[in-house]
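This is what each chain is made of:
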Amino acid sequence: MLPLARNARLQVRSNQQTMKRASDFHDKYGNAILASGSIFCITVWTYTATQVGIEWNLSPVGRVTLKEWRDQ
Amino acid sequence: MFSRAARSWVLRTTGGGLGTRGTHSPGGSARSQGKMASYYTNHYAQRSYPMPDEPYCTELTAEQQALKEKEKGSWAQLSQEEKVALYRLQFRESFAEMNRRSSEWKTVMGCVFFFIGLTGLLIWWQRVYVFPEKPVTLTDERKAQQLQRLLDMKSNPVQGLASRWDYERKEWKK
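Same order as they appear, the protein sequences are chains Y and E. Under the numbering used here, the final residue of the first sequence carries the number 72; numbering is consecutive throughout. Under the numbering used here, the final residue of the second sequence carries the number 174; numbering is consecutive throughout.
In case anyone wonders, no lab produced these hints; they're calculated from the structure. Worth double-checking, as some hints may not be accurate.
To be verified - Each computed DSS-like pair below joins lysine-lysine, with the alpha-carbon atoms no more than 30 Å apart:
no. : chain 1 : residue 1 : chain 2 : residue 2
1   : E       : LYS154    : E       : LYS170
2   : E       : LYS173    : Y       : LYS67
3   : E       : LYS143    : Y       : LYS67
4   : Y       : LYS28     : E       : LYS106
5   : E       : LYS134    : E       : LYS154
6   : E       : LYS68     : E       : LYS83
One chain only, chain Y, in its complex shape (with noise of 0.2 Å):
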């Protein structure tokens, strides 16, 4: 039970100190640099791949209605 308690004690010290611990380059800008490079990732690819007339030549089942081809 005491050696219990023992390691309890250092761990929440060491908690207290975690907690003061001085906050590095990705604690302050970790969100920012996830945020932004997401929206730019997203952005780009979403206007690479609809805009810019590349042909993804997609499965025309349930997507392309018919046209007649026979020269009549």
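Given the coordinates of chain Y, work out where chain E should sit on it, guided by the hints.
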């Protein structure tokens, strides 16, 4: 061996404040930073290497040396603060400290997405300046005609294209 040294280098340059600033020990007594363990041979303790050869602080003040002498006796006579001070002399970080979470993944993933976005810009440039002329067979009109021809031929009628077309109702199967 190399990865351990590399990891401790990363720890020293990016990691938490205690090691690099050398302040604020829980024992309260002043702790000299002293000469830190050379990370080529005796790098800091890590979860995978918890008992390095040399202690974290090798140059001790008189007060600390007295404490080390006291350590040679019965440990029951050491107070809690003294035990923690001895621990801090021996190890740079506790396990809780060395195992703490970090926000590094946010920076990493943000940069990953940024470079994937750059790749998208690159492909845009390629579409404008590198891709050849789109063949006429890829226009919507021609593709619709080709589709009609494929269905007329009943191409892949078992599991493929024609199997998805309802010939009675002349529409795609639901």
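Verification of the supplied hints:
For the proposed pair E/LYS154 and E/LYS170, the alpha carbon gap of about 13 Å is at most 30 Å, so the pair holds. Our distance criterion of 30 Å between C-alpha atoms is met by E/LYS173 and Y/LYS67, whose separation comes to about 18 Å. Using a Cα cut-off of 30 Å, the hinted pair E/LYS143 and Y/LYS67 holds, with the two alpha carbons roughly 9 Å apart. At roughly 11 Å between alpha-carbon atoms, Y/LYS28 and E/LYS106 fall within 30 Å of each other, so this suggested pair holds.
Simply put, E/LYS134 and E/LYS154 have alpha-carbon atoms about 28 Å apart, close enough for the 30 Å limit, and the pair holds. Of the supplied pair hints, the one linking E/LYS68 and E/LYS83 holds, its CA atoms being roughly 10 Å apart against a limit of 30 Å.
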